[in-house]
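Under this note's numbering, the residues of the sequence shown are numbered 1472 to 1608, in order.
Calculated directly from the structure, the hints in this document are not laboratory data. Glycine included, every Cβ here is placed at the ideal spot set by N, Cα and C. Among the clues, some could well be false.
[Stated by the list, open to error] Distance condition first, Cα-Cα at most 30 angstroms in a straight line; then the derived BS3-like pairs of lysine-lysine: (1) K1474 <-> K1587; (2) K1474 <-> K1595; (3) K1475 <-> K1587.
[Claimed, not checked] Label pairs and their computed distance ranges (CB to CB): (4) K1519 <-> G1570: 27 to 37 angstroms; (5) Y1553 <-> K1519: 16 to 26 angstroms; (6) Q1473 <-> Q1573: 32 to 42 angstroms; (7) V1569 <-> D1524: 30 to 40 angstroms; (8) L1497 <-> E1545: 29 to 39 angstroms; (9) S1590 <-> G1522: 12 to 22 angstroms; (10) T1492 <-> V1569: 24 to 34 angstroms.
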Amino acid sequence: MQKKYHFYFVNDSEYDQFLITNIIELDQLPIRAQFESNPEIALQQLCKMAGTDFPDVIIADVRLPLFDGFEFAERYREAFYYSFPNTLLFLSSSSLSVGDRQRLRCNALIADVLLKPFSLQIFKTHIMRHLEIISVG
């Protein structure tokens, strides 16, 4: 039986959530998806998951309510990174400003940026490739 990876999406777009769910189901990807639209609640939920079922992958949108994906990444680093160094953190965005690109270059914690709209190719090429490297290593 193939391992199912636990993906945690921090994304307030219902369209993105619908698209992601359909990609995973229709293509039968080995992914168990969980969604949260509020980054503050997402961090609280991650605290609860820390003792039981911490995600293999976290994908946070750059544009979030309350605070952006970069601040989410910083709070994640402070609270969880050292306890869960193998969890992959991605940011997603439909477009990146020059300032966002600079912030990404300065943040080694972020595995990659996923350009939206989400597609099967993004999951296979960008995300699953990173998971395979960690699983082998």
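These are the hints, each one checked on the structure:
1. In summary, the hint linking K1474 to K1587 is supported, as the alpha carbons are separated by about 26 angstroms, within the 30 angstroms threshold.
2. The straight-line distance between the Cα atoms of K1474 and K1595 is roughly 15 angstroms, inside the 30 angstroms bound, and the hint therefore holds.
3. This hinted pair checks out: K1475 and K1587 have alpha carbons roughly 23 angstroms apart, not beyond 30 angstroms.
4. In this structure, K1519 and G1570 meet the distance hint of 27 to 37 angstroms, their C-beta atoms being roughly 33 angstroms apart.
5. Between Y1553 and K1519 the C-beta distance comes to about 18 angstroms, which sits within the given range of 16 to 26 angstroms.
6. Between Q1473 and Q1573, the C-beta spacing of about 39 angstroms keeps the proposed range 32 to 42 angstroms intact.
7. Checked against the given bound of 30 to 40 angstroms, the beta carbons of V1569 and D1524, roughly 38 angstroms apart, stay inside it.
8. Between L1497 and E1545, the C-beta spacing of about 35 angstroms keeps the proposed range 29 to 39 angstroms intact.
9. For S1590 paired with G1522, a C-beta distance near 34 angstroms fails the hint of 12 to 22 angstroms.
10. For T1492 and V1569, the Cβ-Cβ distance of about 33 angstroms falls inside the hinted range of 24 to 34 angstroms, so the restraint holds.
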